[in-house]
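Asks: Chain by chain, the residues:
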Amino acid sequence: MRAKSTNIVEVLKRLVQLLLVVIGATFLLSLLLRLLPVGLKELYVTGLFEEDRQRQIKELGLDRNAFSYYIHWLWDFVRGDFGPIVLPGGGGESVASHVGRALPKTLQLVFYTQIFALAVAIPLGIFSAYRAGRRTDRFVSYGLFTAASIPNFVLGLLLALIIGVKLEWLPPLGYVPISESFVDHVRSMILPVLALGIPLIASYTRLLRTDVIATLREDFVTMAVAKGLSDRRILFTHVLRPSSVTLLTSAALNMGALIGGSLVIERVFSIPGLGTEIGLAIFGRQYFALQAYVALVAIGYVIFNSVIDVFVGLIDPRTRERRNA
Amino acid sequence: MNSVLSIKNLEVGFDTPRGLLQAVRGVDVEMPAGSSMGIVGESGSGKTVMCRAAMGLLRGSNVRRSGSVVFDGDEIGALDSADVRQYFGTGMAMIFQDPMTALNPVRRIGSQLAESLVIRLGMDKKAARTRAAELLALVRIPDPEATLRKFPGQLSGGMRQRVVIATAIACKPKLLFADEPTTALDVTVQAQILELLSDLRRDLDMSMMLVTHDLGVVANHTDYVTVLYAGLVVEQAPTKKLFTSMKMPYTEALLKSIPRLDQPSGGRMPMIGGRLPDPTNPEPGCPFAPRCPYVQDKCRSEVPPLTTAADGHVYRCFFPIGGNG
Ligand SMILES: Nc1ncnc2c1ncn2[C@@H]1O[C@H](COP(=O)(O)OP(=O)(O)OP(=O)(O)O)[C@@H](O)[C@H]1O
Ligand code: SF4
Ligand SMILES: [Mg+2]
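Top to bottom, those sequences are chains A and B.
Heads up, the first sequence is in our numbering, so the first residue is 1 and it goes up one at a time.
Heads up, the second sequence is in our numbering, so the first residue is 326 and it goes up one at a time.
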């Protein structure tokens, strides 16, 4: 019973933390926008008639002080109103409709990349730790080191050029939604996922290898050997779980970098996702849109981290004890 | 005589940056089936290395091992890591010095215990679970059902060592290596665990190699004793004989260093003046010479050979207590 109630307190605590982080991040961002050298009014409030201008100032909350403006923005944000894409002469689509179109693509890209990177890095990390110091381990290390030293976008361009253009195995650019054709969807995602995922594989493999080597020195591994279990069973049922905390935590922390990377990769492969939208917003000085995008990324980041945290607690009871102590 | 374990001229060295570290320097041990053999010696004398090498648990690119190990009629000394494993659990088993590290912290007691039964004995999951609870009852753990669902972190040291013992005896091994099974435990718990081991040995008709640095434990729980010093056997005799007619100055020094014979020494190392010789660079002569109260010139130039007295008492000394023979 006691364990249950501490769990609920745990979850509530995390939720409050989550809210505070998101509010803090978005408030800071709205302050930053106030500090822009060009006033937002000059940028956004255009129109032929004074009447229209005044209405626009009101709607965008530009006549308020920083705090009141933020509350105004937050209230709109939680209701799903992310503000307008402001075009010269007024009008333009809502940011929300852009988000609706772009976000799923980015989520897919990031999600596939994580799955792919973990699916490759876990066996590779375990295997190179198991053969630590031997030829295969060194070979894997060198290979990954080389792969990791190539920047995302160079890798993306190379892949697009070689596999897409020269060999014509896969489409060099473009995005196909699942609803249209599953096979084409997968084909359109392979190259961007490779470009984003390969450097990740390198860092994940290295992290896991280090922890697996440490775990292999533990008495309980010798004990598992002395029970007559096979190496494969020992590695996957006894060693992997206690060795994966650092890996998963780093996977969660990597979400930020991954979204940053997808910003570039989406442009390389012409995927109209959030990265592309963020790029457009920056170059088009769409600060309302930018504010909404950054807020969404922050929320996604925090949620993903919390989920991983709970997951890590499930796979390793020691971390739970440590946190409760 | 029917031997369960027969070790002949076992040598184990480790490649280290300082040169070859000779941990075990040619050890012979003969264990009659059903017997209990005590292995005594100070910290660093090679007890653990000898047991692990005998069982075939010492693997690694820096390990240099030679000699013969015959278990239950089979030569296992030269088997590779995968082949020797068929003997683990069902033939030989081991319990470790520190129960805090011998169990996998992220897996429940039940799954760790049932695993051997399923994999080594081919039981189905349900039968294994029932048997696991029986095993916990056998090692006198109150409330076995609840314990099966716990993680190692939720148990005290004594309870964990009972779980380790239950895991080791799960597949009814013929020979149990117990490497200082009580050193990490409270004094009161030590006596209970040793009592439990002696009872199990009798009930399951099992042989046991009991490693300890405590002659009091040897006196109460073993049939034979082997005294190791600097990787060498220095005295070997039936336990009763050893205590009535001790031959080695080293064994005598060990005995004198124990405050009370009838009580385990609470994990304290016996204190003898001086230190073990450097295992990477052994000096000529008797390894005990620098610390021996009976030392003479001859001791410093030649390693004394292993002498077998008419009554089978084995010792390695030029000037044994009570004279030769
Ligand atoms: N894997 C290893 N690599 C290098 N040296 C080792 C290794 N394992 C043990 N040794 C060395 O071998 C010698 C014997 O160690 P061992 O662990 O067998 O001693 P012990 O008698 O079991 O001592 P204790 O009572 O402290 O357990 C020591 O000098 C130790 O440093
Ligand atoms: S050989 Fe000499 S130094 Fe060695 S134990 Fe015997 S008396 Fe002591
Ligand atoms: Mg030891």
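Please keep in mind that the hints were generated in silico from the structure rather than gathered at the bench.
Remember, predicted model here, so these are calculated numbers, not experimental data.
For glycine and all other residues, C-beta sits at the position ideal for the given N, C-alpha and C.
Wrong hints could be hidden among the right ones.
[Said to hold, decoys possible] Taking CB as the label site, the calculated pair distances span:
id: 1; chain 1: A; residue 1: 111; chain 2: B; residue 2: 398; range: 56 to 66 Å
id: 2; chain 1: B; residue 1: 449; chain 2: A; residue 2: 307; range: 33 to 43 Å
id: 3; chain 1: B; residue 1: 511; chain 2: A; residue 2: 314; range: 28 to 38 Å
id: 4; chain 1: A; residue 1: 20; chain 2: B; residue 2: 468; range: 40 to 50 Å
Asks: With reference to the structure, classify each hint as holding or not holding.
Replies: Verification of the supplied hints:
Remark: the range hint 56 to 66 Å for residue 111 of chain A to residue 398 of chain B is upheld by a beta-carbon distance near 58 Å. About 35 Å separates the C-beta atoms of residue 449 of chain B and residue 307 of chain A, a value consistent with the hinted range of 33 to 43 Å. Taking 28 to 38 Å as the suggested C-beta distance range, the pair residue 511 of chain B and residue 314 of chain A conforms, at roughly 33 Å. Hint check: residue 20 of chain A to residue 468 of chain B, Cβ distance near 43 Å, so the stated range 40 to 50 Å holds.
No hint from the list above goes unmet by this structure.
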